[in-house]
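Using the hints provided, position chains B and C relative to the given structure of chain A.
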Amino acid sequence: MMTELAPSSSRGMPVIVQICLVFVVLFVLFALFGEFLSGHEFRDTSLLKRLQPPLGAGGEAEYLLGTDQKGRDLLARLAIGARISLIVAVIGTLIGAVFGSALGILAAARRGWVETIIMAAVDVQASLPIIVIALFVLAIFGNDFLLFLALVGLFGWEVYARLMRGVTLSAKEHGYALAVRALGASPVRIYLRHILPNILNVLIVQFTINLPLIILLETALSFLGLGIQPPLTSLGQIMSEGRDRLLSAWWLTIFPGSLIFLVALSISLIGDWLRDHLDPTLRGVAER
Amino acid sequence: MPTPVAEVRSLTVDLPAGADRRHAVEDVTLSVNAGEVLCLVGESGSGKSVTAQAIMGMLPPALRISTGEILVEGAPLPLGNTAEMEAIRGARIAMIFQEPTAALNPIQRVGRQVEEVFTVHRAGAAAGRRENVLSLFAAVRLPDPERIYRAYPHQLSGGQCQRVVIAMALALQPRLLVADEPTTALDVTTQAKILDLINELKVTQDAGIMLITHDFGVVADVGDRIAVMRHGIIVEHGTRAQIFSAPKHEYTRHLLAAVPVASPREHRPSDQLPTALTVDHVSRIYKQRQGFFSHREVKAVDDISLSLQGGRTLGVVGESGSGKSTLARCILRLEPVDGGAIRFAGQEIASATEATMRPLRKEMQVVLQDPYQALNPRQRVGSAVAEGPLIHGEGAAQAAERARHMLELVGLSPQSADRYPHEFSGGQRQRICIARALALEPKLLIADEPVSSLDVSIQAQILELFAALQKKLGFALLFITHDLRVAASLCHEILVMQHGRVVEHRPTGDLFADPREAYTRALLAAAPGKGVDFSKVLAAVTP
Amino acid sequence: MIFWFLRKILRAVVTLWIVVTLTFFMMRMAGDPAEALVPPDAGPEVVEYYREKWGFDQPLSVQYGRYFGALLQGEAGVSLHTGRPVVGIVIDKVPNTLLLGGTALAIALSLGISIGIVAALRRNSALDRAVMAFSVFAFAMPNFFFGLLLILGAALLLKIFVGGSNAGPLGLLMPAATLGLAQLGAFARFTRSSMLETLNKPFMMAAQAKGVPFARRIFRHAVPNAAIPIVTLIGLSLGGLIAGSIVTERVFAWPGVGSLLIRSVETRDLATVQFIVLLVAATMTVANLLVDLLYVVIDPRIRVK
Chain A
1 MMTELAPSSS
11 RGMPVIVQIC
21 LVFVVLFVLF
31 ALFGEFLSGH
41 EFRDTSLLKR
51 LQPPLGAGGE
61 AEYLLGTDQK
71 GRDLLARLAI
81 GARISLIVAV
91 IGTLIGAVFG
101 SALGILAAAR
111 RGWVETIIMA
121 AVDVQASLPI
131 IVIALFVLAI
141 FGNDFLLFLA
151 LVGLFGWEVY
161 ARLMRGVTLS
171 AKEHGYALAV
181 RALGASPVRI
191 YLRHILPNIL
201 NVLIVQFTIN
211 LPLIILLETA
221 LSFLGLGIQP
231 PLTSLGQIMS
241 EGRDRLLSAW
251 WLTIFPGSLI
261 FLVALSISLI
271 GDWLRDHLDP
281 TLRGVAER
Chain B
1 MPTPVAEVRS
11 LTVDLPAGAD
21 RRHAVEDVTL
31 SVNAGEVLCL
41 VGESGSGKSV
51 TAQAIMGMLP
61 PALRISTGEI
71 LVEGAPLPLG
81 NTAEMEAIRG
91 ARIAMIFQEP
101 TAALNPIQRV
111 GRQVEEVFTV
121 HRAGAAAGRR
131 ENVLSLFAAV
141 RLPDPERIYR
151 AYPHQLSGGQ
161 CQRVVIAMAL
171 ALQPRLLVAD
181 EPTTALDVTT
191 QAKILDLINE
201 LKVTQDAGIM
211 LITHDFGVVA
221 DVGDRIAVMR
231 HGIIVEHGTR
241 AQIFSAPKHE
251 YTRHLLAAVP
261 VASPREHRPS
271 DQLPTALTVD
281 HVSRIYKQRQ
291 GFFSHREVKA
301 VDDISLSLQG
311 GRTLGVVGES
321 GSGKSTLARC
331 ILRLEPVDGG
341 AIRFAGQEIA
351 SATEATMRPL
361 RKEMQVVLQD
371 PYQALNPRQR
381 VGSAVAEGPL
391 IHGEGAAQAA
401 ERARHMLELV
411 GLSPQSADRY
421 PHEFSGGQRQ
431 RICIARALAL
441 EPKLLIADEP
451 VSSLDVSIQA
461 QILELFAALQ
471 KKLGFALLFI
481 THDLRVAASL
491 CHEILVMQHG
501 RVVEHRPTGD
511 LFADPREAYT
521 RALLAAAPGK
531 GVDFSKVLAA
541 VTP
Chain C
1 MIFWFLRKIL
11 RAVVTLWIVV
21 TLTFFMMRMA
31 GDPAEALVPP
41 DAGPEVVEYY
51 REKWGFDQPL
61 SVQYGRYFGA
71 LLQGEAGVSL
81 HTGRPVVGIV
91 IDKVPNTLLL
101 GGTALAIALS
111 LGISIGIVAA
121 LRRNSALDRA
131 VMAFSVFAFA
141 MPNFFFGLLL
151 ILGAALLLKI
161 FVGGSNAGPL
171 GLLMPAATLG
181 LAQLGAFARF
191 TRSSMLETLN
201 KPFMMAAQAK
211 GVPFARRIFR
221 HAVPNAAIPI
231 VTLIGLSLGG
241 LIAGSIVTER
251 VFAWPGVGSL
261 LIRSVETRDL
271 ATVQFIVLLV
281 AATMTVANLL
291 VDLLYVVIDP
301 RIRVK
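Chains as they are written, first to last, in the working numbering: chain A, 1 to 288; chain B, 1 to 543; chain C, 1 to 305.
Since the hints were derived computationally from the structure, they do not count as laboratory data.
Please read all numbers here as calculations on a predicted model, not as lab measurements.
The C-beta atom is built at its ideal place from N, Cα and C for all residues, glycine as well.
Mixed in with the good hints there might be a few duds.
Label pairs and their computed distance ranges (CB to CB) [claimed, not checked]:
#1 B/S66 with C/L290: 47 to 57 Å
#2 B/R521 with C/L290: 48 to 58 Å
#3 A/S258 with C/L127: 22 to 32 Å
#4 A/L200 with B/R419: 18 to 28 Å
#5 C/L60 with B/R150: 32 to 42 Å
So that you can see chain A by itself, here it is in the shape it has in the complex (with noise of 0.2 Å):
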């Protein structure tokens, strides 16, 4: 009764949400175009120019903010490391998204052997950090970009399949997809055009919780020396190679290391404004 009675707002997005639109933006922008504001190729080693602080430091003009410890120029291995970053991050999220999700549905929407198979599987995932599988098969086949890109793909579907798989079955068990079967429409029309847009807020909003988590994913597995591989860079692996000399060079260390912080900020608070926004009702169908 008293949401009959409440008052209906409608709320704008706030300024911190559009500060973060125009930061991913600038980021992706960054991903893209970002090695053409710095004049030197991301590969090119100058030896007379060894970890050359950034501009204000101390540093000159040339490297605006400095080099690595083989004179590389730090912004334009930023934005190459910010765009293979990306990529990873965006390809990763996609395949983990479309995997897990047509595994959730397909759980429920055949019950049975299927469902217990996969339900299976998604206890067997849930059982290891998808980290310690990455670490066993990089061990196992060595590293290669497209097993790497792969295994990151593998993060995060089985809360796909999970949210999938529950969303289906109350939305197939009653309500407007009843009446609508009751009409006599086929599977395919139920799903498409009566389940699917329905949860599609739910998936948008998943996407937006699990793309920065496989950004940091990524950063971390490259961190540690066992992700994206030289001649090849990414954020992390920056990180990793500046990590030895934290004290004396820290710009490598600081500014690969916010960018990352930044983006997965921004990502996670547009993605709690969308969950606010789109849905409300959304919080619980996810579990069991």
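Okay, now just chains B and C, sitting in the frame of chain A:
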């Protein structure tokens, strides 16, 4: 003139800015005497629950009392003083709730929860509290108080939980008992027993009871004085005799006229249309896992047979868990059937596959209970109504035209087709659902509790709509409800179900005049409002 | 109830069996295990010697059976570098990892739950917003970056270099804070939403209606009910802790299982990696069983089922 135990004097509660009206309740004045039940009657949004919350000093933070005062035994409630209110709540004023199971802490034994009243009010010696609780349980007629004391809420039935909540409220013999829809969530036989208990407490407890309800049947059973609320205002206030024999306000008359009357629909042996549906010894068995390998079988539907002719209405009546909804889903084949045969449109469908069912669904349609969930929120109303014809091969333009026509037929404007479901009220949404079902011109319509989530006055309109459309279109109607009164007003025959089985299946008039089975008699006796002859009231209020 | 728990145990056993089987066959997919397990510069006769010694010349099914049998007896092969049994090498490092993980979990649990409760009770206050902001910060902060920042901060402000053998309270506290940060944020946020949900339940209103004072309502009624979903989160957070400890141990050169795992991956010491994977799976599965048991203790609704 008895002295009132509680008084509400010109109470006004403001709504937050931006609401659809300024006050949740406006200038409400009420009084409750010891030993009487004051019924506060209204539909959803009338402000009756806000009034109760204000009396308890438990208004949600967004609501604020702007004027008025509340007196208990002549003394104003110290609404601003938290500590003093805590001492009064549970001791001098107490409350019981709509959802008894939810009103109890799920992870604490119910005995401890009742005992807590004594503990927080430091009443009596700690040693005697357990005994007090046990005798309270006996007083509210709970069987085996020792067992109940140790039980958790989920181990008790809804009726037992409500008795526990009542025991909790009575623990310190309050002067005022506020009961907010205390029987709405309960089955009809349980409701009757709880209402009996309330009538008994009225005499034994020497407390005033303020009972909030939307159901004039309940009012007829327990009310001594009655206040009718609408849009936050008390429109009429009087004794039981005044309200039932000479209601003054138009809205009171409207509400009274909307009460479903348990008088059977006239039995007209009209033109015999062909049989639309035959259900023959149908069963549906649920397997509950019990151990590693063993299952326990629950017969949700147990050997049910029935047949239904075109143009006729069969009411399936039962309490929650009786299997009536499962039966509906079996006939619709939205659920597998475990035994028996169903003949529909010349075909045996009990074992039909989903694919063979699909073309048949044109002939059999359903209206579900909750109109808020039955429509896809992202689909325009016109498109929802047109979807059935489209699926079954009608052209887009023709289907859209048909949708507009159907919307008109159920009493909505054709322009509604371009709007989204959230723009409609519950009753309007149910009309849309009916339009969607009938757009296919089915031979059989199954309605599963289609009015139980609607306000009383809306309920009456929807029931009339069903009857009128059936007369016009000639479909057979299988009407599922928990409410015998509703079934009586609409159905030619009634089938009473309990534990998945048929108890009694007879023409409505015969069933009411001469119920053969004990369970049917119990259901009839439990229907609220038996003390008042609503058909006479109806005659009095309809000019 | 007993069957319910037995079924849970059965599921856990099946899960572990799948993990063991998958790791075994993936190891074999990598190519000749004898070559993989022997230093690359070893001659063919050495490879052949080990192939026979470790039974890699036998059919796969026999190897699988033997491997399984050995595991059940607590053997998982030998490290290719030291020649010591893998089980011993790993177990030696477990106490260090437990110390780090335990401290981190203790910090995350105690602090996270208390600030979550306070935020829920002071909903929409500045404090609430600060807690929410902190939890987003903790979620988005990469732990290796946070660890490096702590090291940098300690070095600049306190002139201490923390890492590896450097003992003392900071030597434990800094890595524990690094490891616990993300979990702390998650606990705070989850506790807050669980509390808010519980506070809106009808039984909280009923408790108020019977005159129960505020503090008692919160601690006797709201907190125990809100704690039930939090128990699930404890089980889930274990995965995060284990993943985090790998990175954290690396950053602080903490001599635990995580550091061992990284070193073993770098040197392709496959037997060690494989055993650590199994240990992690076993730990998480057992922990989740314990969480289920804990559920039974605190939630009577499950007990009767």
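Okay, the hints, checked on the actual structure:
The hinted range of 47 to 57 Å is satisfied by B/S66 and C/L290, whose Cβ atoms lie roughly 54 Å apart. Checking the proposed 48 to 58 Å range against B/R521 and C/L290 shows it holds: the Cβ atoms sit about 54 Å from each other. Checking the proposed 22 to 32 Å range against A/S258 and C/L127 shows it holds: the Cβ atoms sit about 27 Å from each other. Taking the beta carbon of each, A/L200 and B/R419 are about 22 Å apart, inside 18 to 28 Å as hinted.
A hinted range of 32 to 42 Å is violated for the C-beta pair C/L60 and B/R150, which are about 58 Å apart.
Of the numbered hints given earlier, the model fails hint 5 alone.
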